[in-house]
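A.B. asks: Line by line, the protein sequences are chains Y and R. Every letter in the first sequence is one number past the one before it in the working numbering, and letter 81, counting from 1, is 81. Residues are numbered in the working numbering as their position in the second sequence, beginning at 1, plus a constant of 115.
Check the hints yourself; a few may be wrong.
[As the list claims (entries may be wrong)] Below 25 angstroms or equal to it, Euclidean Cα-Cα: the simulated SDA-like pairs (lysine to any residue) are:
hint: 1; chain 1: R; residue 1: K124; chain 2: Y; residue 2: T20
hint: 2; chain 1: Y; residue 1: K107; chain 2: R; residue 2: R224
hint: 3; chain 1: Y; residue 1: K3; chain 2: Y; residue 2: S31
hint: 4; chain 1: Y; residue 1: K102; chain 2: R; residue 2: E187
hint: 5; chain 1: Y; residue 1: K3; chain 2: Y; residue 2: T20
hint: 6; chain 1: Y; residue 1: K102; chain 2: R; residue 2: E139
hint: 7; chain 1: Y; residue 1: K3; chain 2: R; residue 2: A146
Since the hints were derived computationally from the structure, they do not count as laboratory data.
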Amino acid sequence: AQKITQTQPGMFVQEKEAVTLDCTYDTSDPSYGLFWYKQPSSGEMIFLIYQGSYDQQNATEGRYSLNFQKARKSANLVISASQLGDSAMYFCAMREGGWDDKIIFGKGTRLHILP
Amino acid sequence: DGGITQSPKYLFRKEGQNVTLSCEQNLNHDAMYWYRQDPGQGLRLIYYSQIVNDFQKGDIAEGYSVSREKKESFPLTVTSAQKNPTAFYLCASRRGRSGEGYTFGSGTRLTVV
Chain Y
1 AQKITQTQPG MFVQEKEAVT LDCTYDTSDP SYGLFWYKQP SSGEMIFLIY
51 QGSYDQQNAT EGRYSLNFQK ARKSANLVIS ASQLGDSAMY FCAMREGGWD
101 DKIIFGKGTR LHILP
Chain R
116 DGGITQSPKY LFRKEGQNVT LSCEQNLNHD AMYWYRQDPG QGLRLIYYSQ
166 IVNDFQKGDI AEGYSVSREK KESFPLTVTS AQKNPTAFYL CASRRGRSGE
216 GYTFGSGTRL TVV
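Okay, chain Y solo, but in the shape it has when bound (with noise of 0.2 angstroms):
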């Protein structure tokens, strides 16, 4: 089964407007991180934003924001006031607890900025 799930391939969206990239998640473990990775045409994943299980508010970076919503497994990224330079594939991931430190992904979201 898919522990994490990024649903929309692919996304459009005007220039200056916010964007909601959605990611679902998986997990029994009540201790796990959430990232977002950013990664341009050119092949380089940049680390956007984390979010641990017990962090009481939203993470936010700059015009990054992650919308944690527990219950419902969620963690969805906000881009407020997109730029042509967010073109780019988004990657959610995660980390679970215990002894085995590795980071799974979803299969991305390639969002397209328009001018």
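Chain R: place on chain Y using the hints.
C.D. replies: Here is chain R on its own, set in the frame of chain Y:
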């Protein structure tokens, strides 16, 4: 500046040949990881290592091998047993069990002809 270096950026090999992808980090990170990326598949974990001289299989380890003789280095060998090796390979490292994300290298695109 600290970071992860993957080399080469592009690699071409003939079918049936083993090939080794290099990954070096100077971040003093304990854990290192190899991921494979195919179009539409996201990133899939091949192998990871949390300490020197120890490593674990990820979800798609068949046809791959690794070593971790030094903290800074985690080379990945794509063997002839890997049925479909053409892909984009990403190496990553992480300091420890914290809220930090992985630091990624810039990747190696392997094409087997």
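A.B. asks: Each hint: holds or not?
C.D. replies: Each hint tested on the structure:
no.	hint	verdict
1	K124(R) <-> T20(Y)	violated, 33 angstroms
2	K107(Y) <-> R224(R)	holds, 19 angstroms
3	K3(Y) <-> S31(Y)	holds, 15 angstroms
4	K102(Y) <-> E187(R)	holds, 18 angstroms
5	K3(Y) <-> T20(Y)	holds, 20 angstroms
6	K102(Y) <-> E139(R)	holds, 19 angstroms
7	K3(Y) <-> A146(R)	holds, 22 angstroms
The structure fails hint 1 only (numbered hints given earlier).
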